[in-house]
Amino acid sequence: MKNGFIYCEGQTEESFVNAILNPYFSNMGIYVKPIIHKTKRTPTKSYKGGVIDYKPIKDELRILCKNPNIFVTTMFDYYGMPSNTPAIDHTDTDLYKRIEYIEQAITNDIGCNNLSFNLLVHEFEGLLFSDTQAFSTIANDKAVEKLQAMRATAETPEHINNSVNTAPSKRIESVISNYTKVRQGIIVAKNIGINKMLSECKHFADWIDKIKSL
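Start counting the sequence shown at 1; every next residue gets the next number (the numbering used here).
Take these hints with a grain of salt, some might be off.
Derived Cβ-Cβ restraints for the label pairs, each shown as a range [said to hold, decoys possible]:
hint	residue 1	residue 2	range
1	Lys170	Thr137	33 to 39 Å
2	Glu145	Thr166	34 to 40 Å
3	Thr93	Asn18	44 to 50 Å
4	Glu145	Met1	43 to 49 Å
5	Asn108	Thr180	32 to 38 Å
6	Lys55	Ser177	23 to 29 Å
It is worth saying that the hints were derived from the structure and are not from the lab.
Note that CB positions come from ideal geometry on N, CA and C, so glycine has one too.
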């Protein structure tokens, strides 16, 4: 059994690891434990979820990496990373090259041999555009058609994003007003299945392959 931590931005990513990734990896003898990012600590309480500053991410990852026998990777939304993230302003016109450059810059900055930093492009909901028909479990036909039209405008699901207001989750919320990321997002993800996501989302697939080889 190979063990690893997936340091997550929030509860949605944590649920995705538990519901989708762990069943997939378990057949390969790989177990991944999700750990939600702590944005703030006090003597009596810690606050989880969301990204405000890069430094706490760096500090927490260095703690997680102390055991050299456990690999560590991450699930953070690219579009939501703070401005003090290493190389976050890198401007390569090729989306995948840009993301890989930023990920490597962060991995180098943290400086732990068992870490491979990963960004979701552009966020978790991008994966859900791998098969918009899967939204039929939580939405009516008209909403599904609108989501399919959104998907048709992009090269891949991972290319869907123009601004904070048009991120994948915002697009979903614009046609499914009661959409909930943690509960309904995972329902849709299960309906799609990881194999469809792997075939549609290159960066996600590369990350999954990387975990297998860590």
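List of violated hint numbers, smallest to largest: Numbers 1, 2, 3, 6, in rising order.
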